[in-house]
Amino acid sequence: MTNDHYSSQQDAAKNDDLTPKLTGVRYLLEPHVAEECRRVMASFNRRLKDANKPIAYWDDVAREHFAPNAQMKLTLWKCDGSPRQTPEAKPYVIKFPHLSRFFATFAEEDARSMEFCTNDTTLHPRQLDETGSPLIAYSKAMWIFTYGGGERVFAEGPLSIFFKPYGDGHFIIRNIAFDAIEHSSTRTGRGAQVESRVNFFGMPPSTLRCLDNCYDTEGMRQMNQTRNVPTAGMNNTAAGGI
Numbered sequence: 012m013t014n015d016h017y018s019s020q021q022d023a024a025k026n027d028d029l030t031p032k033l034t035g036v037r038y039l040l041e042p043h044v045a046e047e048c049r050r051v052m053a054s055f056n057r058r059l060k061d062a063n064k065p066i067a068y069w070d071d072v073a074r075e076h077f078a079p080n081a082q083m084k085l086t087l088w089k090c091d092g093s094p095r096q097t098p099e100a101k102p103y104v105i106k107f108p109h110l111s112r113f114f115a116t117f118a119e120e121d122a123r124s125m126e127f128c129t130n131d132t133t134l135h136p137r138q139l140d141e142t143g144s145p146l147i148a149y150s151k152a153m154w155i156f157t158y159g160g161g162e163r164v165f166a167e168g169p170l171s172i173f174f175k176p177y178g179d180g181h182f183i184i185r186n187i188a189f190d191a192i193e194h195s196s197t198r199t200g201r202g203a204q205v206e207s208r209v210n211f212f213g214m215p216p217s218t219l220r221c222l223d224n225c226y227d228t229e230g231m232r233q234m235n236q237t238r239n240v241p242t243a244g245m246n247n248t249a250a251g252g253i
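Numbering-wise (this note's numbering), the sequence shown opens with residue 12 and increments by one.
Keep in mind that the hints were calculated from the coordinates and are not lab data. We put the CB at the ideal spot given by N, CA and C, even for glycine. Incorrect hints may have been included.
As the list claims (entries may be wrong) - Computed cross-link-like contacts, SDA-like style, restricted to lysine to any residue with a CA-CA straight-line distance of at most 25 Å: (1) K60 - T197; (2) K89 - D71; (3) K106 - D121; (4) K60 - P216; (5) K84 - I192.
Stated by the list, open to error - Per label pair, the in silico range of CB-to-CB distance: (6) H43 - D223: 35 to 43 Å; (7) P79 - D179: 17 to 25 Å; (8) P98 - H181: 34 to 42 Å; (9) S150 - F107: 24 to 32 Å; (10) H181 - G161: 23 to 31 Å; (11) H43 - S195: 34 to 42 Å; (12) E99 - S150: 17 to 25 Å; (13) H181 - E99: 35 to 43 Å; (14) Y177 - P98: 35 to 43 Å; (15) Y177 - P102: 21 to 29 Å; (16) K106 - Y177: 16 to 24 Å; (17) K101 - G160: 24 to 32 Å.
With the hints as constraints, model all of the structure from the sequences given.
Printed below as a string of C-alpha cells:
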C-alpha cells in the first residue's frame, strides 16, 4: 500500500463512522501470542472509547491492562500552525500509579471518547524487544479524541506497545510509547462556534497540568484528593489556564 492510501485512511478517520482497527499483530508474533496481544489491545481500546468516566473506572482499566510497573511514554510536539515555528517537544513518562489520574483528566474536559487507530502499512517488522518481550510498533498511528460539542482532535505519530507475560499464556501491557508529532482538529455543530479545548501541544489544560504534576509528588497528591469527586465537580476544579 502507498502513503496516499494511508492518507486516505487518515481522512476517512475524520468521518463520524470511524471504526479504528488495531491489526497486524499476526504478522509479528506466533499465533497464540498474537491472539492474546490482539485481545489485550482491542480490550484497552474498547475501554478508552468510554472516556467520560470517573477515576474509579480508570483505576479498573489500569489494573486490567497494565503491569504494576508499567509506564506510558508520551511526547507532545508543538503545532501552532506557523510555517516557521521552532520545533518544541514536551516529553513525559506516566508511571502506573498516575495512569488513572491521567486518563480521568479527559473526562474533566468533556471528552466523550478516545481511541487508537493504526494501519498495517506502517507496522515495523519487529517481534521482540531487547528483553525478549512482544513488541508491536507502528511508524504512524492516530490517537483520536472526541469532545462534547463536536470537536475531534487527531494526534499522529509513532506508536509502540510492549507486553509482558502474565499468568498462563496471557500478556499485559508493560509500556506504551506514543510520539505525537502532529495534531489537528475538526469542529462541527456548536463546537465550530467556540474556541478549541486543546492548546498548541494538542492537549487540554487539565491533562497538561496532570502531566506536569507527574514529576511533582506534592502536586500529584493534591490532584489525587479529587479522586472521589464526581466528574461534574471536577470540571470546576479544572477551569483556568495551564
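Violated hints - listed by number, lowest first: Of the numbered hints, 2, 10 do not hold.
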